[in-house]
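Undergrad: Okay, here's what each chain looks like letter by letter:
2 protein chains.
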Amino acid sequence: MTPTSGEGAEKMDAEDGVNCSDYEHDIENEDLWDGNEESGGYWSGIYDRNKAHTKPLLMKGTNTTSQIAIIGANLCPIESLDYEIFDNEILKNDWSSRKKVQIIHYVMLKWGFALLIGLGTGLVGFFNSFAVENIAGFKLFMTTSLMSKHRYLEAFLAYAGANMCLAAAAAALCAFIAPAAAGSGIPEVKAYLNGVDAQHILAPSTLFVKIFGSILGVSAGFVVGKEGPMVHTGACIASLLGQGGSRKYHLTCTWLRYFKNDRDRRDMITCGAAAGVAAAFRAPVGGVLFALEEAATWWRSALLWRTFFTTAVVAIVLRVAIQFCATGGKCGLFGEGGLIMYDVSSANITYSASGIFAVLLMGAIAGILGSIYNYLVDKVVRTYSIINGKGAFSKISLVVTIALLTSCCYYFLPWIAYCIPCPSNSTVICPSVDESGEYKNFQCPPGYYNDLASLFLNTNDDAIRNLFSPRIIKEFHITSLFIYFATIYCLGIITYGIAIPSGLFIPVILAGAAYGRLFGRLFETITKLDRGLFALLGAASFLGGTMRMTVSICVILLELTNDLLLLPLVMLVLLVSKTVADSFNKGVYDQILKIKGLPYLEAHAEPYMRNLVTRDVVSGPLITFSGIEKVRNILHALHTTGHNGFPVIDEPPFSDAPELCGLVLRSHLLVLLKEKIFSRDRGFANPVIFQRISTLDFGKAGSGKEIKLEDLDIQEEEIDMYVDLHPITNASPYTVVETMSLAKAAILFRQHGLRHMCVVPKSQGRPPVVGILTRHDFMPEHVLGLYPDIKPHKWQ
Amino acid sequence: MTPTSGEGAEKMDAEDGVNCSDYEHDIENEDLWDGNEESGGYWSGIYDRNKAHTKPLLMKGTNTTSQIAIIGANLCPIESLDYEIFDNEILKNDWSSRKKVQIIHYVMLKWGFALLIGLGTGLVGFFNSFAVENIAGFKLFMTTSLMSKHRYLEAFLAYAGANMCLAAAAAALCAFIAPAAAGSGIPEVKAYLNGVDAQHILAPSTLFVKIFGSILGVSAGFVVGKEGPMVHTGACIASLLGQGGSRKYHLTCTWLRYFKNDRDRRDMITCGAAAGVAAAFRAPVGGVLFALEEAATWWRSALLWRTFFTTAVVAIVLRVAIQFCATGGKCGLFGEGGLIMYDVSSANITYSASGIFAVLLMGAIAGILGSIYNYLVDKVVRTYSIINGKGAFSKISLVVTIALLTSCCYYFLPWIAYCIPCPSNSTVICPSVDESGEYKNFQCPPGYYNDLASLFLNTNDDAIRNLFSPRIIKEFHITSLFIYFATIYCLGIITYGIAIPSGLFIPVILAGAAYGRLFGRLFETITKLDRGLFALLGAASFLGGTMRMTVSICVILLELTNDLLLLPLVMLVLLVSKTVADSFNKGVYDQILKIKGLPYLEAHAEPYMRNLVTRDVVSGPLITFSGIEKVRNILHALHTTGHNGFPVIDEPPFSDAPELCGLVLRSHLLVLLKEKIFSRDRGFANPVIFQRISTLDFGKAGSGKEIKLEDLDIQEEEIDMYVDLHPITNASPYTVVETMSLAKAAILFRQHGLRHMCVVPKSQGRPPVVGILTRHDFMPEHVLGLYPDIKPHKWQ
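Those sequence lines, one after another, are chains A and B. Under UniProt numbering, the first residue of the first sequence carries the number 1, and numbering increases by one thereafter. Under UniProt numbering, the first residue of the second sequence carries the number 1, and numbering increases by one thereafter.
The following block holds chain A by itself, in its conformation from the complex (with noise of 0.2 Å):
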């Protein structure tokens, strides 16, 4: 047992050809080894003593991008997914030997898990909508009652006490528990479907602090929505049906292993991410056009259907819930309007040209409104991730204080509005007398009502239904619209960003509504079109303009509003919005993946990228494994390097001439280093020792229970024994010539969703792989940064 010498193992890299090195730098394996200097035993002794020599190597290959990104309000390394069939020969003969019935267990299980989530999803959606509802009714109900005994003061401090309690608590539960529970989640959701993984984005916490953070969050009265979060829930239930099972608990069967992958958990979260839309709109099919549209990177035609039954799914579940508290369920104060549901009347409809125009408008500025409120909601969260990276303390005052001020500005501005008198023949009780209403008494003598705290002072479901609705004529004095229309912009830059679950939606659909409404106000001399459907245009154009989503946006408004006759206008509206607000600047949650960090891989490739090509951006140095490698020198690798996928060469005299036999993996190397498939004598390897390892081995283990290299308990006389990498080999490596065009290639590695690319040379008598290329190659700051002449071009 005489410990290797630094320089001995310096002089292993010459010998053994462990030379290089592919760059898929992983800094979660590294803090793991630098952590863990005592234990794991022989091997990691040596490396402690040899890292003043390996850090430079490593640092060498280092990526110029960063490998860590902000998910939710911490740091948080990243991995690539790898979505990309495995081709090895343990795996095919896994595969070839699945019979029918296996196939029919897969395909059940599959269907079953959409049912799950759509079952999942849908409850949680009711949950929350009954649980918002109740806290925030009887809060509001509260602060009413109060105010109707004109104990004003008392009010505002009930109010504004309550408001920042339930903040406070929110902010705990996503400071102390699940920090990547906080925003809105629909970035996170869309950049684990593009392919990249940071630790907790989908973790049981995350999803526990997601639901319960974004009730307390909307019940404080902030100025956010639960559709981003619900969208994040749904991801979260479909990944943690995913994980197959927990050997562990010995809670899993064959039947779960089927799914130890990262293509079948992606086909779930996209199911998951349609779910959460559809739950929070009770909107079916504009959940799966939201997941193709915006979420998924991926998509297939099966996909669309088995989303579309999850979407059903959650449909149902919603429907049969709201008829148990409709008929008779004890559901508090929860009523029909727990889940938002307009109904806007379509009955005068009618085209002039001056009301088209008036429309054109209105889709035009809107799409100024919509990129100015991206830009600077890109400035704040931006400002606030340094107060945030300060600490707990920190993010709960940050949280805290935004409720006050919310709360100041929900009390004290309904008092500059003017009394209304009620209208003399309204179908419902002027002034209202409950938590919520159409006509909020406030401070006014009876039978007059404050047209600002009927929208102030109500849920945001509430408000948004007030400002859709056509049943009240000039209900809203244009000074309240306009006061509300800029309290609730400003309000809803100013809170994303702070550590709660925050949607965007909600934001900016009652921005836009309040717009629509005070523009309709302004152009009713020329256009007879109903002040509602202004408010419902309005609404489509402010997300149309943030968002920059078409048809899922569309489709979604018009499952709320129950009237297709309304298409042509929201398309109309949609189109102008998106397209003046484009020439500015990017959708809002490209600018947050971008804030984030997330290296996100764009489906077209940069104009660039068409003048370089794949050897440009390869950055050395790689590290290649002989076909029947010594454990050593996988040791070695494995130990200084974070590198995901190693390329196998077969030299002689396994083969005429070294070439490229495949690929293999980190995890599969430590599947079989743990199970010593070792043999002393330097050739293939008996088949019936691989009979060792089942092919569970091989699936996808769930965050944090992969096989750990200082785990392995490698003893000194099996250090120089062989290790037959051939079975385990991906044999059909994507591969791409050196000089293939950087465009290509970027397009070839995202529609395949791979996590390596073996790049080979154009001419003879070079080795039979030149490098590697990882995502993070093909990201414009990489690329950029090695070629800092090039001038990216702003156009597509």
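Bear in mind the hints are in silico, worked out from the structure with no lab data behind them. Careful, some of the hints might be misleading.
Straight-line C-alpha distance at most 27 Å; calculated BS3-like pairs for lysine-lysine [said to hold, decoys possible]:
no.: 1; chain 1: B; residue 1: Lys586; chain 2: A; residue 2: Lys100
no.: 2; chain 1: B; residue 1: Lys100; chain 2: A; residue 2: Lys791
no.: 3; chain 1: B; residue 1: Lys92; chain 2: B; residue 2: Lys674
We have chain A already, so just place chain B on it with the hints.
TA: This is chain B only, laid out in the frame that chain A set:
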């Protein structure tokens, strides 16, 4: 001018490396060559004499799958489309020289074309309805008025005569002007978007016949619809716009050159297909989803947006046109019914367990009936294609026979129905006296109506509206519904495949609605669901059972009924019927694709392909060119093969060892040969001489406008000159290693819309490219032909 002897030409083969062949064997080119023996000057003379030598060479490389497909009712040679970005020097220079203003031109044109496609398709859709309503309305009016005078025989003769004349006219248009216009057109559009190009599929003559043939066919009372033809019409309009103008008639401008490639045309045709569905059903969102789910093979977010715009334009055009007719425009018999828009009351939708059970049962039975429908359509189309193959006269006779049969069924079956007394509280006139209406008097005494005649003696749209109608209680006898269902089911099967433009949606909706209403009647004791709702669910389940689409059918039906509350039930029934039907056979469009012999690439690779590698299906011989190649060799290769892509190999002294330089296309080679970009020395060409050619020349020419081999006028002294192929070589062809799994290669091929894929050797010291894969090499027929021992698995 000594003609080279056959032996000389053969020797050249051996000497100059024209040693094998890529085998996308193009029958069209071969035919041209055969037919032009007297023309074509010097070279065709030589190669005529060489035919005996070259034929076997050709045949060796011939694929076992056919390169001819049935388009419409005729045989037609097919070619692949090339959606790859062709990355050669000339096009790259052209691309990078584009200024911002040109990019703006391009973007504006894209959107301008989308607008024009929407306008054109919308207007055609309106014109179609307008014409059908007037022609069929006049015919029915004539019949009804003769019957009211009790001149029953004359009424029949008038009815059947009109039908047969209209049918004969439609068949004559199809048979003599554009055989490609027969049938639905959706399979052809689907194949085109998958990358299969057949002559005339989208030609102007096809467009003309599709519009007028569809009007005549629908007016003739056939059980056919206009939606398939509308999809084809939309695609034709898009294709015409995308031709890039005509240089011959100076009807082009430099702007249009950006569209001279398959990629942009593909996008436009996708928009056209969506516009077609939108126009047929007035369902803009449904149109987009149809294009996404059924028609398109390649999709991207930007396309969603553009497609949506196109369908919005269609919706607006239709709305304006209908408003014009409604407000006093002279539209003759055109009523609100021209574009189907139903009104199903959903007031009493309550979910009871027995109701849901009935719906589930209905879905399951519809799935079985749907798969039987597909099976029988398959058999009938195969039989008809033999009859149609015998010439124009047989085609027309078949059409007239079916027209007579349909007329007999429609006219005589109502005689066996009971007369039902008119409901006293009806809001519409009963019995109706005009050409449409819910209550047909037929042979009944005054005050009574014939329920079967109300279905049969109406346009298909009106019959569907009657079936969906909730207004009339118990208006259809169970026996009448059964007779109607059975008749339509059988007529629908025997009508598809005759030589007229014929959509499949309406027959299936008709049969499904009758089935649903019948089912509702049979189960009325156990469920309270409305009968009109049952008809809708029946239509949904039949559509699911035959076409196997999901989301698009769902959305189309919702847009037709304008009631989103039906969604969960429609989803449920679709899910059941599709699942049941999928376990028997494939969707009807997939079956038709197969019958027609269109080489459609499926989204999933067949399971057995995972056990094969690309090397296993590559069949030689392969023709390659040197980077700087003799004119003689190029001409020889072009003459003796029909291949469209040739690998270019750089050899010493231009490189150290032979290396793959890229791929050249036949069409680009022809440009060089036509413009005589030759040089006497074997060396890199002076860039100046390439300025003789415009990049416009490299654009994809419209059908029939490409340069032909016999148009070349190569002099004898030019034959031994050299051509520098580098500037026209695609330097980034997609390559796969010969040991790549065939399944992965197939996915790669399809996802990138390739026409050629180079197979490179794994080991060194061999030629740098060992074969080329084309679409036909991935066809199951080809693979199973090579390996007859493989048993294809049926499961996914």
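Undergrad: Hint by hint, which ones does this structure get wrong, listed from lowest number up?
TA: The structure breaks none of the hints.
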